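Engineer: Single-letter residue listing:
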Amino acid sequence: MPDKQDLPVRVSPLLPSNGDFIVDYKNVRLSERKALTAIQVLSFNGKHADAAAAIAAALGIKCSTRPGIVNSDGKTQVCWNGPNSWLVVCSDAEAGRAPGELFKVLQDAMGELGATGDLGTTGDLVTTGNLGAVVDQSHGRCGLRLSGLHARRVMAKNTAIDLHPRAFGPGQCAMTSVAHMNATVIQVDDTPTYDLFVIRSLARSFAHAIEHACHEFESEQ
Amino acid sequence: MGQQFRTSSSGQIDRGRILSFTFDGKPYQGYEGDTLASALLANGVRLVGRSFKYHRPRGIQTAGSEEPNAIVELRTGPRKEPNTRATTIELFDGLVANSQNRWPSLSFDIMSINNLFSPLLSAGFYYKTFMWPPSFWTNVYEHVIRRAAGLGKASTEPDPDFYEQCHEHCDVLVVGAGPAGLSAALAAARAEARVILVDEHPRLGGSLNDENYSINGKAGSEWVDEIHAQLEEMDNVRVFTRTTLFGYYDHNVVAAIEKVSDHMPVPHQGHPRQRMWTFYPGRVVIATGATERPLVFGNNDMPGVMLASAARAYVNRYGVKPGRRAVIATNNNDAYRTAIDLHHAGINITAVVDSRIQPDAALVEELESLSIRLLTGSTVGSAEGHQQVSYVQIVTTQGDTLDPERIDCDLVACSGGWNPNVHLHSQSGAKPVYDDSILSFVPGKSRQSEVSVGAANGSFSLQDCLAQGVSAGTQAARQTGFKSRKMAVARADNEGDYAIEALWISPTPYNKNYKQFVDQQNDVKASDVVLASQEGFDSVELLKRYTTQGMATDQGKTSNVNALALLACQRGEPLPEVGITTFRPPYVPVAMGVFAGHTVGYDFMPVRRTAIHDWNTKQGAVFIEAGLWLRARYYPQQPGDTMNDCYIRETEATRNNVAIVDVTSLGKIDIQGPDAAEFLNRLYINNWLKLPVGKVRYGAMLREDGMVFDDGTTSRLEENHFFMTTTTANAASVLAHMEQYHQIEWPELDVVFCSVTEQWTGIAVAGPNSRKLLEQVIDIDISNEAFPFMSVGECMMNNIPARLFRISFSGELAYEINVPADYGEQAWLELLEADEELEVSVYGTEALGTMRIEKGHVAGSELDGRTTAQDLGLEGMANRAKHFIGKHNSERPLLVGEGRLQVVGLKSLEPERNLRIGAHLVDPSVKLETVSQSQGHVTATTYSPQLGCGIALGLLRDGASRHGEQIEAVFPLDDETLKVEVCHPVFIDPEGELVRA
Amino acid sequence: MHYSGFSLLKQALTGNRGWTRAWRNLEPRKRYDVVIIGGGGHGLATAYYLAKLHGITDVAVVEKGYIGGGNTGRNTTIVRSNYMLNPNAQFYEHSMKLWEGLSQDLNYNVMFSQRGVLNLIHNDAQRDAFARRGNALRLNGIDAVMHDLDGVRKLMPHLDFSKNTRFPVQGGLAQPRGGTARHDAVAWGYARAADRLGVEIFQKCEVTGIKRKGDQVISVETTRGPIEAGQVGVAVAGNSSRLFDMVGMKLPIESHVLQAFVTEGIKPLVNTVCTFGAGHFYISQSDKGGLVFGGDIDGWNTYAQRGNLPTFNHVVAGGVTMMPCLARLRVLRQWGGVMDMSMDGTPIIGKTPIDNLYLNGGWCYGGFKATPASGWVFAHTIANDKPHALNAEFTLERFREGNIIDEKGVGASPKSH
Amino acid sequence: MLRIDCPWCGVRNEDEFSYGGDATVERPTDYASQDDWYHYVYTRQNPAGPHREYWHHVNGCRAWLVVERDTVTHEIFSTAPASPNLPDPDGRTR
Ligand SMILES: Cc1cc2nc3c(=O)[nH]c(=O)nc-3n(C[C@H](O)[C@H](O)[C@H](O)COP(=O)(O)OP(=O)(O)OC[C@H]3O[C@@H](n4cnc5c(N)ncnc54)[C@H](O)[C@@H]3O)c2cc1C
Ligand SMILES: NC(=O)c1ccc[n+]([C@@H]2O[C@H](COP(=O)([O-])OP(=O)(O)OC[C@H]3O[C@@H](n4cnc5c(N)ncnc54)[C@H](O)[C@@H]3O)[C@@H](O)[C@H]2O)c1
Ligand SMILES: Cc1cc2nc3c(=O)[nH]c(=O)nc-3n(C[C@H](O)[C@H](O)[C@H](O)COP(=O)(O)O)c2cc1C
Ligand SMILES: [Zn+2]
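Protein chains in written order, with numbering that gives the first Met the number 0: chain A, 0 to 220; chain B, 0 to 996; chain C, 0 to 416; chain D, 0 to 93.
The following block holds chain A by itself, in its conformation from the complex:
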């Protein structure tokens, strides 16, 4: 991996609309969480608990084997992402990590992993990590943050899952359909604030749909 300063600037999929806020009303705001690192970890057969433990040990953040749970140290989110999968998300800058570092940490945590970068040169048997596979999705996901008094009402226009405080709260996450698109929803705090992750190619349509759902609150003072 090249040094941090060597890498080009990351271009957000939301470029034309990503000023500081996509929506900035008194009681609801939508913004992009830019240039995130998102690493997917998938555990191999029978290695689920060990993989979770290894992730937790490597990051110092709990890693849940139970569905719908996200743990965070305030900077890095370790998010349940399917029966045998987690998504670890952070902004490298905020978390104080070098680019590529998180991937490496997780890869190490998963155990032996074949060297990358020298493909085809050796005929040696290299095993992939013995606990799980680590896949970089940083550029494949767009992160958005929806926050404010009306955030739940905006979500109610776009998703069928129950986000009522009695049913969903900070520390919980869900993979579901939002505005008819696949998304991961994480509740960050009681404001409420939600982090939403959607695949890169759909980012603009997705942001547009959420923005549309906010319009009702535009005129509130």
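The hints are simulated quantities; they were obtained by calculation from the structure and are not laboratory data. The reader is advised that the hints may include incorrect statements.
Partner residues are not named here, just some residues of chain D that face chain B (Cβ under 10 Å, in silico) [said to hold, decoys possible]:
| hint | residue |
| --- | --- |
| 1 | Met0 |
| 2 | Glu13 |
| 3 | Ser17 |
| 4 | Gly19 |
| 5 | Tyr39 |
| 6 | Gln44 |
| 7 | Tyr53 |
| 8 | His55 |
| 9 | Arg61 |
| 10 | Val65 |
| 11 | Glu74 |
| 12 | Phe76 |
| 13 | Ala81 |
From a predicted model like this one, the values you see are computed outputs, not experimental measurements. A virtual CB, placed ideally from N, CA and C, is assigned to each residue, including glycine.
Assemble chains B, C and D with the ligands onto chain A, guided by the hints.
Structural biologist: Coordinates of chains B, C and D with the ligands only, in the frame set by chain A:
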């Protein structure tokens, strides 16, 4: 001026807020709180519409959403809404409404001539005639019928408003905010359940707004306000007014429409016109009340004939006198209240006519005390008048109808009894049952988590409604896990008992032929029911379909039970034997916009964009849809450039030099694990176990039925780490297919995989100078020796981490480079700018297609789900010694034998003419036995700059063995025929020297 | 009683008291030469053609509910013969020809309205596919016209022709002879005509068992008693699997629900049948004025004649996108029909491994238009104990052999056809 | 609206899932007869009543599920993971 029919004081209208509106162009005034119907009545407007078939004058029948007659065109221009019930339109300032289905005017309607021909226009008459000459049906008769039928006119302009869809969950959902619903909601809410209360009216209270009841010593409406205030204070309750629950679906999911802005001239900025709510309640309490049914007598459709409860509602709720002199006709106790309330409002009650011989003694006494005349054992035989009632003829119910008494009146308020609103209960899958004591259907055994209470449950006493509400609310909370506290039931201060005796149809005066309407909107008469039954359409469902009873915009809310009862009489069977027709959503008609929500127009489907999208846009690229993706199709360079100009230029630039194309949309799947190779081996028809690390292989997979499913290249990045690409179209289905087989069939395989389509921007670099170009930016040795055809490696492209593949779709020396998507545009620019001398250019999917045809690579149009590997010339890749998906079924006799359509190349034999996709292949020298002479078709065509002629791929019967034949490509849609030569599908570089160079 | 303008007039003058039953109300006898199970359009048409063309009049049609109460009574009434693959094209075109004289043949106005069927095109791939189909049709002697945008505008003036829509319209493939027919009237017309030729029709008569002797069917059990039969033809649409379960056979069929919807009646707005090519939506206007529309199946096995919300919403979103002025028109009713989705989307009409037992099923959502031809070839098959050339390929065996007739190319996936 | 209780994600609307058909058909062994393969791909019991079927939680956790559902009433009796090898919803490794 105007409003001469207002009462002096009653009603929930705001007499201080005067609203102006027009009906049929004429200006009127009403008050805030009015409906269009009440405002029209206040102004003495009786005639508001024409009926469907006979164009008879029609007035206002009801005061609610069950209205069959008073339907108007509301608003104008793009906001015009035909068939809107005047009884549910909240009046707003500037409202414009027009009558419909009449010409030239409402009071003088030419088509009312139909009325005279009604014996000819009996039920089902159109099935019996208009058959000759045959061509006249579509061309003549149908035109006339279509024009005559239908009601209002639609706007043809796009709707300027928008709609939205929301979801909400709760423990207890209460439908209807009358005494029963309010009690239920409060009880459940007190137990701390999450409660939703919906009511279609702007104000809570249900029938309490229409009636003179008092509860706990207060006026009913005061009690309502108190409960409403309590509910509003609790944060576990959401109250939705102007919201009609219209559908009860599976798994206790219900849907409602909220009329957010219909009571305003235009919606507020940012607000939808209407909203669809999908509710997910634990339990539903149905407190939807009951609907009164009319009596069936001669001319019972005339303006001035109204439901007794509606007359009450107009007086009590809207402060309107629906007439000055009223006859009340009934077969039950309830309408007596109409007589009393109307009397107190200053309306002259000329008579109460009760079909029963012995009405309730207390009621008789009460009428006496008010000096209201009561006729028993009698009923209205007919209403008479010109365009509105001026008198009725009273007949006795004993059949002695010869000498009817004539009573003057301008209002007939009638009650044939009450039907509980069992619609939602029935939609939930339950079967309503007949209750002889109220002569109607009541809820049966619940099939989902719902319960009906109050009038909806057939309990017509206010005290019962209040009590049932409390108990249902309490129970619902308990059933959804909440500890309930005891709640006192409110006390109903005044009400009478309900009692009814059957009167399904009145005798007619002088036994004359009268039109006695059952279904008023669809002009179905009692005689139509008789005729249908006589002709054998004597089950309820056949009756409905033959006569159209219950099929109008009101779905027979007021007519169904009467029709069934008449059919039962006709069949000589009890009513429950006859049964009822099916209740279906929506409970009230719902605008299509509501169901569509805001995913319409440009937002119908989301758009998938690649990282190169903005650059492409700036370049003026013309895009093409590939599923949800937008891909650059070609790049016009100057004004007037056609697609042909572009793709030929782009192809030539590629073949002669080097060019790049965005291939991001291909599916990409990362596969890891000790059993990854074995997994691939089962998915693909070819071998994977021995593929060396650092190598790429082209593979094909079949569906289990043996047809080719998808193709693409897969690379071995490490021993246990593969990277698969799929076609753009099948990216999602291939992933799902892999998950299916891994999770269901082969869970023992230790492999994990996920889509990485989005992580990478894919750029193909093709052309003889592609290596030269890449050498400038890539940090690894890509000489032919170090990086031969079908190699893969990780590298840096300048400062961008990348994966490089040496694969070729174009048939040229080519590479594909993948970079993390946020660097995609940068990589693209760097490739374009890497070498000024080289003049790197770009190409789009059209040139991509040209080159793949020249190279004979099969793609989507050949992989059409009907072709086998053999048909496509891919059988050579298959290893039939191993097991793979689809192997067995691909060996079925007719899939391997002769006569299959197989891939061929085709060359135009006429220099100036190109083949066209979709043309069929015909061999003029062979005459087939079938009608069609088609032996196959053209799947992909292009002009080949390389060959200087039009070429194509096609699927031709036994094509693999027919190279060299001259046949025809025909395009009968345009009367075209083209001579073509069948050839090998690979047009250029069949040995593959270029790609290996 | 013969129907005509004259009889209508005569009856009108005499109080409409002389109209007789359209079909008789009888009690089932002990035995019939042929028992047809299913009183939908197909069963009734089969009985009619057995009597009319093959002289077999000792026929009973047994219907568990009321006639036409199955899919015949709940379909969106579209009649067309624009199928791409030869066996389908020729079969459906035969049907089209029968439709063209049906009202007169039956002496019952089935309101067959040849107002045309238009399939919209939104992209080049679609245009190519439609070109292939249109040319195939023409080669089969079937009418087909490729329209450009102006042509489409003439037929459907109120579509969204702006560019500000996700998938702008580019053209359309039309079959001018296609159109609609009054669905219920088809069942009633065949019933009446068959009855006049001696066929006996029994409603509320559900088949609950099929009795065999060796490899041969000998009788059916019904809720109105057992009935012996020389031959048994099954035409029960969505219930084919249930009937064949009675003889221990599994079919290449799944039952799925297709929904349909109708709006409030309005004056003529849509004058042809039109399908949206960028979503699942198609529409026509009934003679009464309701816009009748539908879309895709709900996509999972069911025997319930009702649909659910997701499909409903999706269908309507397509409709409003295609034709924005629909937004303010109101849906009046939503219902569903249970269809037998075959494994290749093509019907199965023919003999079965069991002697004297014949199957007419697998209609998916296309069987209404097939009604006349379906009855016609099924009658032929039963009368001759061998298929007609027109249904020779619609066998059960084709799946085993690999002669798949798959218009969509989606494979053995009933939910996708 | 079907509401399917994904063992991992909880109750979700049907539009998050895609239908996978009859779960009682068993994929024949590689050495099975052509007849078995024909039945596997083409014939179905298609019952009116309880039906074991596959659903894929494609807009959620991407697990394949076996759902027991009544094809007449649409009532769902049970939902279970199709794979015996995925870690179970309580987070235990299988
Ligand atoms: C919503 C919808 C829209 C459609 N749109 C179109 C369209 O536009 N164009 C088109 O061509 N096709 C369409 N179809 C398909 C078409 O309706 C059917 O294919 C066709 O009507 C089938 O006719 P049938 O006579 O075979 O079946 P049906 O009309 O269903 O008749 C079968 C009869 O068998 C009876 N039955 C079942 N079991 C038994 C038993 N055990 N004993 C006795 N009787 C039994 C049933 O009660 C039923 O009446 C549509 C279908 C639906 C549901
Ligand atoms: N004595 C009689 O003959 C008689 C007969 C019928 C009713 N009643 C009286 O009527 C009252 C009945 O009380 P109740 O609470 O049962 O009913 P209600 O009629 O007072 O209230 C029902 C409410 O539900 C609403 N509603 C109906 N369907 C709806 C839907 N689908 N979506 C949203 N809202 C819907 C109605 O608009 C109404 O506001 C009692 O006072 C009873 O005494 C008397
Ligand atoms: C072409 C067609 C047009 C229809 N038009 C109407 C209509 O105008 N009004 C109506 O209430 N129902 C209409 N229906 C629906 C029927 O009322 C009924 O819902 C359908 O036949 C299914 O029967 P079921 O709801 O009794 O199960 C129509 C149905 C079809 C097939
Ligand atoms: Zn899940």
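Engineer: Taking the earlier hints as the rules, which of them does this structure contradict?
Structural biologist: 6 and 12
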